[in-house]
Structures are given as structure tokens and as C-alpha cells.
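As given, the protein sequences belong to chains V and R, one line each in that order.
Just so we're aligned: 54 in numbering that gives the first Met the number 0 is position 55 of the first sequence, and the numbers increase by one with no gaps anywhere.
Just so we're aligned: 338 in numbering that gives the first Met the number 0 is position 339 of the second sequence, and the numbers increase by one with no gaps anywhere.
Among the hints, a few may not be true.
With a cut-off of at most 25 angstroms between alpha-carbon atoms, the simulated SDA-like pairs for lysine to any residue come out as follows [unchecked claim]:
1) K271/R / S140/R
2) K5/V / G182/R
3) K25/V / V488/R
4) K600/R / L101/V
5) K179/V / F595/R
6) K51/V / S140/R
7) K51/V / N234/R
8) K23/V / S140/R
9) K23/V / G604/R
10) K23/R / G454/R
In case anyone wonders, no lab produced these hints; they're calculated from the structure.
Note that this is a predicted model, so its numbers are computed, not measured.
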Amino acid sequence: MHVEEKFTHETWPASPEKATLEAKNKFLGFWFFLGGETVLFASLFATYLALKDRVPNTHQALAKDLFELPLTFTATMLLLTSSLTSVYAMYHMKNFAFKKMLLWLGLTVLLGFGFLGLEIYEFNHYVHAFHHTFTSSAFGSAFYTLVGFHGAHVAFGLLWIITLMARNAKRGLNLYNAPKFYVASLYWHFIDVVWVFIFTVVYLMGMVG
Amino acid sequence: MSTYAKKQGFGATLWDFLTTVDHKKIAILYLIAGGFFFVVGGLEALFIRIQLAVPNNDFVSAGLYNQIMTMHGTTMIFLAAMPLIFAFMNAVMPLQIGARDVAFPFVNALGFWLFFFGGVFLNLSWFLGGAPDAGWTSYASLAVASKGHGVDFYLLGLQISGFGTLIGGINFLVTIINMRAPGMTYMRMPMFTWATFVTSALILFAFPPLTIGLVLMMFDRLFGAKFFEVSMGGNTIIWEHLFWIFGHPEVYILILPAFGIFSETFAIFSRKRLFGYSSMVFALVLIGFLGFMVWAHHMFADGLGPVTNAIFAVATMAIGVPTGIKIFNWLFTMWGGSVKFTTPMLYAVAFIPSFVAGGVTGVMLASAAADYQYHDSYFVVAHFHYVIVGGVVLALLGGTHLYWPKIFGTMLNETLGKITFWLFLIGFHLTFFIQHFLGLWGMPRRVFTYLPGQGFETANMVSSVGAFFMAAGVIVLLINIITTSVKNVRVGNDPWGDGRTLEWALSSPPPFYNYKQLPLVRGLDAYWIEKMEGKKGLTPAEPLGDIHMPNSSFLPFMMSFGLFVAAFGAMYHGEHGTWAFPVLFLGLAITLGSMFLRSVKDDHGFHIHKEDLMDDDEKGVKA
Numbered sequence: 000m001h002v003e004e005k006f007t008h009e010t011w012p013a014s015p016e017k018a019t020l021e022a023k024n025k026f027l028g029f030w031f032f033l034g035g036e037t038v039l040f041a042s043l044f045a046t047y048l049a050l051k052d053r054v055p056n057t058h059q060a061l062a063k064d065l066f067e068l069p070l071t072f073t074a075t076m077l078l079l080t081s082s083l084t085s086v087y088a089m090y091h092m093k094n095f096a097f098k099k100m101l102l103w104l105g106l107t108v109l110l111g112f113g114f115l116g117l118e119i120y121e122f123n124h125y126v127h128a129f130h131h132t133f134t135s136s137a138f139g140s141a142f143y144t145l146v147g148f149h150g151a152h153v154a155f156g157l158l159w160i161i162t163l164m165a166r167n168a169k170r171g172l173n174l175y176n177a178p179k180f181y182v183a184s185l186y187w188h189f190i191d192v193v194w195v196f197i198f199t200v201v202y203l204m205g206m207v208g
Numbered sequence: 000m001s002t003y004a005k006k007q008g009f010g011a012t013l014w015d016f017l018t019t020v021d022h023k024k025i026a027i028l029y030l031i032a033g034g035f036f037f038v039v040g041g042l043e044a045l046f047i048r049i050q051l052a053v054p055n056n057d058f059v060s061a062g063l064y065n066q067i068m069t070m071h072g073t074t075m076i077f078l079a080a081m082p083l084i085f086a087f088m089n090a091v092m093p094l095q096i097g098a099r100d101v102a103f104p105f106v107n108a109l110g111f112w113l114f115f116f117g118g119v120f121l122n123l124s125w126f127l128g129g130a131p132d133a134g135w136t137s138y139a140s141l142a143v144a145s146k147g148h149g150v151d152f153y154l155l156g157l158q159i160s161g162f163g164t165l166i167g168g169i170n171f172l173v174t175i176i177n178m179r180a181p182g183m184t185y186m187r188m189p190m191f192t193w194a195t196f197v198t199s200a201l202i203l204f205a206f207p208p209l210t211i212g213l214v215l216m217m218f219d220r221l222f223g224a225k226f227f228e229v230s231m232g233g234n235t236i237i238w239e240h241l242f243w244i245f246g247h248p249e250v251y252i253l254i255l256p257a258f259g260i261f262s263e264t265f266a267i268f269s270r271k272r273l274f275g276y277s278s279m280v281f282a283l284v285l286i287g288f289l290g291f292m293v294w295a296h297h298m299f300a301d302g303l304g305p306v307t308n309a310i311f312a313v314a315t316m317a318i319g320v321p322t323g324i325k326i327f328n329w330l331f332t333m334w335g336g337s338v339k340f341t342t343p344m345l346y347a348v349a350f351i352p353s354f355v356a357g358g359v360t361g362v363m364l365a366s367a368a369a370d371y372q373y374h375d376s377y378f379v380v381a382h383f384h385y386v387i388v389g390g391v392v393l394a395l396l397g398g399t400h401l402y403w404p405k406i407f408g409t410m411l412n413e414t415l416g417k418i419t420f421w422l423f424l425i426g427f428h429l430t431f432f433i434q435h436f437l438g439l440w441g442m443p444r445r446v447f448t449y450l451p452g453q454g455f456e457t458a459n460m461v462s463s464v465g466a467f468f469m470a471a472g473v474i475v476l477l478i479n480i481i482t483t484s485v486k487n488v489r490v491g492n493d494p495w496g497d498g499r500t501l502e503w504a505l506s507s508p509p510p511f512y513n514y515k516q517l518p519l520v521r522g523l524d525a526y527w528i529e530k531m532e533g534k535k536g537l538t539p540a541e542p543l544g545d546i547h548m549p550n551s552s553f554l555p556f557m558m559s560f561g562l563f564v565a566a567f568g569a570m571y572h573g574e575h576g577t578w579a580f581p582v583l584f585l586g587l588a589i590t591l592g593s594m595f596l597r598s599v600k601d602d603h604g605f606h607i608h609k610e611d612l613m614d615d616d617e618k619g620v621k622a
């Protein structure tokens, strides 16, 4: 199958993300990349756990003082839902329903921006209400680095998905761009999985002590 | 006529190499850049040995000595050994599996340019206020307090080149899994390809912890974070863990490809199938796995506790078992073979006793109780030079002679090659053997001088003389390279006459599309099988057809250059904010802009038409 070939709903292959050699390579290579990213975040989690609540004096806020469930739970729900909408987008991609795919990707992007907005609000809140900053303690450095690294991944993912949507808005799906949409959604899921761990390890475990 | 005629002129050649995505040309780039840094690191080693040749020497000052010592280690590991290994992986592995290129040719080029700009950035420290001086391990307790920007050059330079290595590893993994020729099952892959495969997996899982370690220290030094500041709740041991979780697999990343090169060499010049192929593969994978379980043996003296130390000591000693399997398999490959002592084979044969000596001291160091005695002494220096020079560097020199005709189409002179070998081997043992005893006598490592009357004089002088033998060997190699390049006597497909794997069935150097028709692989040592059946070439697995090739691109260069520019901005933002911030954003804009261009501009590659391939064929017949 040729990458620039025009398709219809009937001729569109069942797994367009793996239909050409280039696509197969991209698919596998991206999984390996996510393997490396897993080790990257594992290193950050280990650092965070080693430095959790390590502050220079007793006036500084600890994890149990900082975190509040309503805010982080809302952020979690936004991101988890965005993962679901990206699944719907890929479902329509596989069915050659380009417009519907764009619609669901658009929803994904909106939810992603919602999450990012909440995170910015949260960081701002910690800095101003608790004087818990990046440079105030080892705990602060570790917290903002772990959560901020995830936030930066979300921001990059949003840029990526928006670029893909804009670039392909007028020409529809083909075997050249289908794998691109697919790996972008893989990336989005990965970010979501990392957040599940952050929610558990940083926020839930932080609130109980 | 062929529409793919070669461009002429220096400018065209330069542009070709700046934009190439061909794995064979990228291999040449890695070879040149890695060779250059090898010479730089070698000069630093010579300065170290001149300074230590006599007691109370003042050839260099204490501070400058720390910089030279740090840069010698960092350069040799990251900027010489790694790229030279990548050179051979790029040059040989795609040919060995019967592929036309790697899975991601663009990413391959990007990997090279990231390494290159990272290496240049790191070495510019010499001219911009002083090089890093906290040792190649850059322990946080030293490095965070280091004055000036030396350590910042280390952090940012290694960060940039580390990205290049990581994406290179992913590229090779996907290439080996997806691009093997028909019939090339995993258990028919040549040992060098297996070594590349396992090494790439190690790179994928070992480099991210280094990335994080470098990020944390960069945040501490440049952006006021407190990860390693004990008074603010920080902990310097975190750096040691992150560094060695990377650092120990890194030594296997270096040695496994060396094992691969030697496995090929032993089989070719014993003119015999590699003994115990399956156990060689098993041992390779086991070493790769165990390599992640032993990092804390670098931290025995930290006080992690007797249980931790005992577990890591036992795990470390366990690596001796698969390594021993490999050593005996190489010996049995030679046993009963019709051995030819060519230059590459000399390196392979010399490697066995040298590397075993390094392995034995490794097991000595692995015993945690005894390690408190060896710790931070010249015994450690002797140990790791025996495994790295006696293993990796001998493999790189042997591999250079072995694969030179495949990469450049002309043979290095055998006589000069053997002179290089003997000078280097004698120099190597002269330099490092005596250092075991220096360590046991009590000389600490990383000292810039010592006092007379402690019994260190003769041994240090012997060691320094040895270093000059190695330098002489490298000079003879350079003369060899220049004279053979000038003579440029072209050689055929299989210049050693005993090639066993697919790459020796191709012309030297191979055409840019490698295989006109993908070969059918009918067993281990595919080309040897064809030769034994009296055939000249390989059995094709497909009819002659159009070949899809990737386009050249300047974007990998630009993406890497952007990070290079941004690194200056990040480094100087503290004291020169007025220009440093714009430079930081300009650099990031160049990188992200190039990524954006790559994303929105379709790149479908091009096709070589069947007719052009037939033209080539006919021309070959006429000539």
C-alpha cells in the first residue's frame, strides 16, 4: 500500500497505523520511546520519594498541609476523560471518519488545556499561600520538577496534537498521517498513566502523611 | 543513464555530509568525530602521565590537573568510545541483517549531530573559563560547589549528546526487529548485530536516569533548586544512585559491541563457525540484564549497609559467569581452526588475556569488604583501564582494521597495522599493569602529584613511559590511514577472503541502497553458506524492483545547532541576563521551529527506478 494513495471507507485498512513499513517502524519505535520515558519518570518519582517533606525548618509547609483533594481530583478527572476522548478519536480514525476524529481530538485538546490551567492555578496557589517554591527546599524542588515535568509533557502533547490537526485539516486521512495521529494518541495515554501515578504517589499518599 | 550521478567538488561533498541520512555516511561522520575526540582524550592522558612521571612535578597546576583528568574521562567515554561504537554499528549492522538502511534515517542523522554539538559544547569549556573539574562522575558533593562554569559545560554538553545516543538506541532496536531480510531469524543474526541489539536496549533504559541526574544538577547549579543542598533538605547520594544506575550499564554498553566485533573477528580468521553461538547469545542477554542489578558496587564505601553491599557484591560476581562463557567460546572457536594472524586477529587474541586480567580485578573489587581497601586507589584506575582499554579500545582498533575496507573501499597496510598493534599492546600493559601495585602500595587516584620517598617514583615513571608507547602506536595508525587513503588501492567485496556474514557479499563500499535485491538468508553465516555452495553472490529473496529511499535533510543539523545555542543562554543567564535570555529563546526557537518544519512538511522520500538499477548492472559487466 502506498502512503499517498487515496482511500474510501471501504478500502481503508483495518490497522492503518501499521499498514506500511514506515508506520510499523514508527509504531514500534514510539513504544520503545515510551519505555525510555517510563524510566525517566521512574527516576523522578524515586527522587521525589527520597526528598518528600525534606524542608530546612519547621515553618515550611509539608505535603499534608499543601494538597487538597477537590482540586487534584478535578484535574485527574479532566485528564482521564481526555484519554477517553482520544480513544474515541482513534476509533473514528480506524473507521475513516475524519471529521469525527477531529471533533474528538478537539475535545481532548480542550480537556488538556483545562488540566493545564488547573495545574498553573495550583502551583500559583502553593507559591502565594504557602511560600512553597522551587527554591525554598529540596521538597519544593522535587515536587515542582516531577509534577512540572508531567505538565511540560502535557503542554508538548497539546502543541503536537494541534499541529497535526491544523496540518491535516484540509486533506483528510491517508496512510502517511494516520500513524502520526496514532502515536500522538499513544503519547497522550502515556501522559495520562503517569498522572495516575502522580495522583496516587504525590497527592493521595501525601495527604495521608 | 543513471539519474543518480555523484556531485563533484568540496562544497558539494561537505553539503552531502551535512545533510546525509545514509547510515554508511553517518558511520564515517561518527568515525571522524569519534577519532578526533579520541586523539583529544589521548592528549589529555599524556598530560596526566607527564605530570605524574616524577614526584612534586609542576607541569600543570592542581586545578588544571583536575580539569584535564575530568575531561580525559568524560571525553573518552562519551565522545570517543560511544561514537566509535556507533560508527561500527551504523556501518555494519544494517548490512549484516540485509537491510537498505536503518528504520529512521532522519533520526539517525539527528543522533549524530546532537552528539557532535554536545561534544563541541563540552570542549569549548577549555576556551571559555575552564573545563569541568569534578571528575567524570561529577559527584554532587563536589560538583555543585565547583566554581565557574566548567561543570555547567559538562551538564549541558552531556545532556545534548545524551539525547543523540538515546534516539540512536531506539533506532537500532526498531531496525533489528523490523528490517531483517527474509530468512534472517533472530538466531541467525551475526553476533555483532546481537551485540548492537542488546546494547541498544541497555541505552534505552540506562540513559534516562542520566538525563534526570543532569537535569537535577543543572537545576541546582543554574536555577537555584535544592536537590543536593543538605542544609535545605537535599541529599547528594541521589546523584550517585542516578549516575551509577546509568553508569554501570554504560560500561556494558561499551563492552558488548566490543565482544561483538571480536566474535566476528575470531570466526572470520579462525575460518570456522563461532563456537557455541546459542550460548554466546544467551550470555550476551544475561550480561545485559545483570548489568542493571549491580550499580551500587560503585558505592560500597558510602555506607549503604552490609545487606545492600552483600547483595550487590554477589550480583556483581555473578556477571563473571556469562563473561566466562564468552571467553571459553572464543578460545574454542580458535581451537582446531585454520587461524590467520591478521591485524584484527592480533587484537582479538591479545584482548583475551588483557580483558581476563581486568575481569579478575573486577571480581576482587566486587567483594565489598576488600573494596574498602582498594577504594579510590590506583588499583581501581588499573582495573577499569584494563577492561576499557584492554577490551573496548582493542576492539575499536581491531574493528577499524577489520571494517576499514568495507567502509572506505581500501585496505589499511598490514605491516603498519601490526606495528601499531605491538606498540599499543606493550604500551598498554606497561602503563596500567604497574598501577595495580601503585594502588596496593597506597597511591590514591585523582591526585595531581606525590612526594618523593614514598616508593611511587619508579612505578609512575614506568607507567608514563608506557603512555608514550600507546601514543606512538596511534601515530603509526594515523600515518597508515593517510598513506592508504592517498594510495587508495580499491578492493573487492570480500577483501579478507574469509567473510562469513552478509556485508562481505556487497561491494566495498556498498552502493547507497545497499542491496539491489534483498537477500534470502538460509542460515547462520549466510554469505559463507553461499560460498561453500560455490556461488559468487547472495540468493535474492525478491525480483528486481523500485527501491524506496529517504530524502537528505539539513534539519537534523539545525535542530542540534539550536540546542547548542540555547545551552549558552541557559548557562550565562545568571550573570549576563540581558543577552543570555534572548539567546536561550533563539536557540529553542531554532530547534522547535525545525521540529515544526519537519512535522508539517511531508517527506515521502524518493524511488530508485528498476531501469536505473539495471543500468548499474550493465555498467558493472562492461567494466
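In ascending order, which of the hints set out earlier in this document are inconsistent with the structure?
-> 1, 2, 3, 8 and 10
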